[in-house]
Amino acid sequence: MLKMTHISKVFRTDVVETHALRDFSLHVAEGEFVTVTGPSGCGKTTFLNIAGLLETASGGQYLLDGEDVSSLNDFQRARMRNQKIGFIFQSFNLMPDLNLFDNVDVPLRYRGVNAAERKVRVERALDAVGLLSRKKHLPAQLSGGQQQRVAIARALVGEPRFLLADEPTGNLDSNTAEGVMELLHEINNNGTTIIMVTHDVVLASRSARNIQILDGRIIDDRRAQPKAA
Amino acid sequence: MEFGPILRSLLRNKLGVLLIALQIAFTMTVTVNAVYIIDQRSERMARPSGLDEANIFHLSSVGYGNNFNESVVSTEDLALIKALPGVLDATVMNAIPVSGSGSSTGVGLEPDRPETSVQTAMYTADENVLNTLGLNLVAGRPFTSNDVRRGARDMDRTQSTAILTTALAERIFPGEGMQAIGRTIYNPGGGAIEIVGLVERLQTPWAESSFIEQSMIIPEVVNDGSTLYMVRTAPGERDRLMMEVEELLAAQGHERILRNNRSFEETRENSYRLDSVMATILYVVIGTLMFITAMGIVGLAVFSINRRRKQIGTRRALGATRPAILRYFLLENLLISGSGVVLGALLTLAFNMFLVQTFDMPRIDWFYAPVGMLVLIILGQLAALAPAAKASGIAPAMATRSV
Ligand SMILES: Nc1ncnc2c1ncn2[C@@H]1O[C@H](COP(=O)(O)OP(=O)(O)O)[C@@H](O)[C@H]1O
Ligand SMILES: [Mg+2]
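Sequences listed follow chains A and B, in order. Counting from 1, one number per residue, gives the positions in the first sequence under the working numbering. Counting from 1, one number per residue, gives the positions in the second sequence under the working numbering.
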């Protein structure tokens, strides 16, 4: 599914050179739920950005779904993000001026799906997160947890194979976070591969696989024992 | 296309959008009506006077001494002027076309009913007037020296000949103006005037007059103390001859002063000076308004893009290509400009109705509003282009930045 080999990422400014990722190699198989932990500034978001084609690596090789993405241009990367990847952000990143329906609709419009099908899929996605009845509401009229559920609906509406989440529960209280986590596990159980960055060690300890990053390097890659049914 | 969401999103930010749309509407209203006024004015300015404008100049001679004999001097002067190489012809007249001053009278078919008479400019000149002014005789004959009456201001005018413009003849004889040769018309005072010729065109002395094409020339030389010479030269000789003629006449040593030595073009230009000054002012107003509006559009676009950097990054993350972001902001601008110009079209027509009613101008042609709408929409798109291009360069990684 995702295969990174010797990936590095350097940010250069006039003053400093930051090595955000160094010799970063990772393989994630289809259907996995991987959590990523590490101290602030260790490179978690950078890893996610490269994995999600939001940024390009400075070196190394990255195969997504078997395809070497380093040769893709900006336009092709946008298409690939739209078709294969769903994003969930810490601060939800909903469009404040659009109602829930229009928010969830955004990726489908960029995919050029026709209006009738978009309506069916948007409503199904909103229904899946329990917010269909509020489709005409604006994000500001919702609680944080509800907004994140809308963002999840938006990430899922295009049925991506691959879901990337950057601290999705970081702005939520623990009860609400619990609900969001349940939703993500449910999505994972339906076959979607998930990589989730988190600060929360408790949440991380519950996932099947946890990666720890320090200073741009993987220092621990731990798989939990398969849960007894 | 994202027409619906952009529109709904704009409707949630009404104030800024409304202000720019109003500004666009106002700019369009002022621009279209100003262009319309300029067009009207330049159409007026472009009307031909009927004269060979480029090759004519005039010069006045005013006597003061007791020994000054106007009749003798003017005959001498004309002979001297005509003898100069490069001079095609010369005459004495009472007024200069389109100069702002001259005399008018009424003429009609019945001597005792001045209320039925038609208004006309009245020029007096000697028999060389057609050739000197370069007028185009379309019917009848030119004046001969026998036609020309000479004398003081109060000479007998019971019987006279005249050359009319076709426009005047058509007013007096509706539908049969061209058959006016040989017919007699009357001055309010009772003088009978036989029409001997028709010229295609000769404007009155007043650019603003409502009867600008209605003129009549009477073959008459009046000695009233001041003589106006009109001189026609070969092409390219005018400016040289203006100086030579004045020097030559001054050298004769008569007790008179020579003044107002000007080309016809300059005199005509002076008459329309207000029109051209107004056109310049209106162009400056239009340019300034357009510039301010364009800056307003740029400002609104830059502001709304900076406010939405994270949103734009998020859109990119969700699959928007660069062209899609560019299109988004151009489309947004199109919607704003579109509502502005629709409102602008209504305001334009309302303002034009006001102009028509207040200043008695003709109604605006239908195509002014659509052309104005198009121009402002293009202006809007051009103004939005740079900010939109900048927005499309916002990195997708902006979506995950924690600020
Ligand atoms: N666009 C950038 N320009 C310069 N430095 C950056 C940029 N993005 C991230 N960094 C740096 O790279 C390092 C890793 O950042 P990040 O991946 O955001 O860490 P984390 O998400 O783990 O907190 C940090 O030192 C950060 O300052
Ligand atoms: Mg981070």
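If you are wondering where the hints come from, they were derived from the structure by calculation, not from laboratory data. Treat the hints loosely; a few may be bogus.
Dumping the calculated DSBU-like pairs for lysine-lysine here, alpha-carbon to alpha-carbon at most 35 Å [stated by the list, open to error]:
no., chain 1, residue 1, chain 2, residue 2
1, A, K136, B, K310
2, A, K84, B, K82
3, B, K390, A, K3
4, B, K14, A, K135
5, A, K84, A, K136
6, A, K84, A, K135
7, A, K136, B, K14
8, B, K82, A, K136
None of the values given here were measured: they were computed from a predicted structure.
Right, here's what the structure says about each hint:
This hinted pair checks out: A/K136 and B/K310 have alpha carbons roughly 23 Å apart, not beyond 35 Å. The hinted pair formed by A/K84 and B/K82 fails the criterion: a straight-line CA distance of about 95 Å is larger than 35 Å. Distance hint between B/K390 and A/K3 is fulfilled; the C-alpha atoms sit about 34 Å from each other, no more than 35 Å. Annotation: proposed proximity of B/K14 to A/K135 holds, straight-line Cα distance about 22 Å (limit 35 Å).
This hinted pair checks out: A/K84 and A/K136 have alpha carbons roughly 27 Å apart, not beyond 35 Å. A hinted pair counts as satisfied when its Cα atoms are at most 35 Å apart, and A/K84 with A/K135 qualifies at roughly 25 Å. For the hint pairing A/K136 with B/K14, the CA-to-CA distance comes to about 19 Å; that is within 35 Å, so the pair holds. Between B/K82 and A/K136 the alpha-carbon distance is near 92 Å, which puts this suggested pair outside the 35 Å criterion.
The structure does not agree with the numbered hints 2 and 8 stated previously, though it agrees with the rest.
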